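Novice: Each chain is listed here by its residues.
2 protein chains.
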Amino acid sequence: MTNMTLPTSRNTRRSDALSRERIVEAAVEMLDTTGEGGLTVRALTAHLSTGRGAIYHHVANKEELLAAATDDIVVRVTAGAGDDEDPVRAIRALALGIFDAIDAHPWVGTQLSREPQQPAVFRIWTGVGTQLQRLGVSGPALADAGSALISYVLGAAAQYAAGARRVTSDADRTAYLETLAAQWAQHDPDPIVREAASQLQDHDDREQFLAGVDIFLAGVSATKTRR
Amino acid sequence: MTNMTLPTSRNTRRSDALSRERIVEAAVEMLDTTGEGGLTVRALTAHLSTGRGAIYHHVANKEELLAAATDDIVVRVTAGAGDDEDPVRAIRALALGIFDAIDAHPWVGTQLSREPQQPAVFRIWTGVGTQLQRLGVSGPALADAGSALISYVLGAAAQYAAGARRVTSDADRTAYLETLAAQWAQHDPDPIVREAASQLQDHDDREQFLAGVDIFLAGVSATKTRR
DNA sequence: GCCAAGGTTGGACCGCCGGTCCAATTGTGT
DNA sequence: ACACAATTGGACCGGCGGTCCAACCTTGGC
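Read top to bottom, the protein sequences are chains A and B. Sequential numbering from 2 applies to the first sequence in the numbering used here. Sequential numbering from 2 applies to the second sequence in the numbering used here.
If you are wondering where the hints come from, they were derived from the structure by calculation, not from laboratory data. Some clues are possibly wrong.
Stated by the list, open to error - Simulated DEER-style distance windows between Cβ atoms:
#, chain 1, residue 1, chain 2, residue 2, range
1, A, G81, B, Y57, 48 to 56 Å
2, B, R43, A, T51, 27 to 35 Å
3, B, R174, A, R23, 32 to 40 Å
4, B, D87, A, E37, 39 to 47 Å
To be verified - One-sided and incomplete, this derived list gives chain A residues near chain B with beta-carbon spacing under 10 Å:
#, residue
5, P117
6, G130
7, Q134
8, L143
9, A144
10, L150
11, Y153
12, A158
13, G164
14, W185
15, Q200
16, E208
17, L218
18, V221
19, T224
What the hints assert, rightly or not - From the derived model, a few chain A residues whose C-beta atoms are all more than 12 Å from chain B:
#, residue
20, R21
21, E26
22, V29
23, H48
24, S50
25, T51
26, R53
27, G54
28, V60
29, D87
30, L97
31, G98
32, D104
33, A105
Here the structure is a predicted model, which means the values were calculated and not measured. Glycine included, C-beta positions come from ideal geometry on N, C-alpha and C.
Take the sequences, apply the hints, and build the full model.
Specialist: This is the structure we're talking about:
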């Protein structure tokens with residue numbers, strides 16, 4: 002009654018085979034162009050000009066699709082990560098690679114920090130851990146340092162991605178930082194505070210991120226053997 | 002036609018007034034008991050035994066509701082945060098307070114790292130920034146150090162919250178860490194690696210988090226005036 | 001004491017989502 | 001030539017966030 006399955010010509014087998022790779026590729030493309038909220042299974046079917054079942058035949062669910070897309074990006078980043086002789090340089094390069102990848106694909110930042118057990122995070126762990134070992138960190142200190150670095154990188158990534166997601170021109174950001182400066186000034190009305198606040202306002206995200214990595218590295222070398 | 006507005010007795014004014022506070026309070030309660038996914042506006046109306054319009058009369062949308070709930074928790078944490086004489090101890094206490102809050106309310110971790118511009122994050126920034134100043138950090142270094150510390154705390158928070166969200170007993174976690182250890186061992190089959198991996202397996206999340214804070218603090222004091 | 005006005009409330013409704021299911025349609029092995 | 005299994009597409013489902021408005025209840029002016 003309600004189901005009027007049309008006997009029209011349907012299901013002409015597509016010439017371009019639908020594969021998991023093609024689906025992930027299309028997903029990445031849509032995430033890049035329309036943002037995190039823009040990727041819906043429906044839109045994806047439209048983009049691939051196919052039906053729902055076809056997609057769920059290749060991918061279990063949206064979560065897996067997101068993880069696969071994220072991994073797709075992270076693989077490229079971590080590929081040549083351990084190349085540098087100097088482990089410090091290698092770590093900085095790895096971190097910067099992730100930062101730049103998230104700059105290009107903000108959704109990766111959100112995804113990475115949301116699901117710590119996905120393969121992409123695992124990849125990062127391996128890269129970081131290996132370099133930290135080469136730095137001479139070992140034992141419990143290695144677990145602590147690695148976890149700290151990963152948390153920092155993923156945290157900064159998520160923050161930056163969220164900032165990039167909200168368009169908010171510069172007006173919102175400025176307002177936010179001004180309020181922050183005023184708040185601090187209230188606690189401690191020192192001239193230094195104003196300077197700090199102004200420093201906070203015109204900074205380069207990428208440099209600040211790298212500065213954080215350096216703070217961490219300095220902390221590691223200061224803490225290397227302790228605990 | 003379709004609309005059969007029943008002339009039954011509706012809208013008997015509730016004795017317990019519905020206020021924004023009551024709504025946020027109920028939201029926190031539901032988030033705690035049913036998890037992040039459990040808070041739907043529908044479920045909330047049911048819990049408050051009211052209708053949809055009533056809620057949207059007090060709160061703009063779900064995002065605002067989540068931000069308000071998060072702020073509600075963070076306020077308690079940051080309230081007595083700057084009490085300690087020693088800024089280092091104050092920062093550690095603040096960080097631990099956030100960690101414990103997220104332990105008790107995992108959804109806070111997710112929410113904090115998702116929306117960096119919400120009041121709750123602002124509160125944390127103020128707390129951290131003030132203490133860093135007392136530590137003698139100033140100028141660009143303050144922005145760098147603050148941002149690094151915040152990123153780390155929020156990143157670790159999100160990771161921990163995500164870990165807590167997935168039940169995954171201990172089996173998954175163990176498997177994950179074992180694979181990680183094997184991967185490392187492949188790169189550098191050193192006995193040290195096995196030790197590191199085993200260290201990674203039986204650690205206390207809270208201690209590891211604090212160790213990370215200490216790494217950053219050590220890094221900050223080593224980098225205090227540079228750049 | 002009354003009554004008009006306006007703040008508050010509840011639920012029908014809308015468009016959309018992720019996911020399931022199955023009939024229709026092929027390419028392929030025999 | 002033919003059946004069979006892999007693949008495909010779209011109808012369908014329950015549920016989501018959000019809008020809208022009629023009905024209600026409180027309040028303030030008189």
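Novice: Any of the earlier hints contradicted here, and which numbers?
Specialist: none
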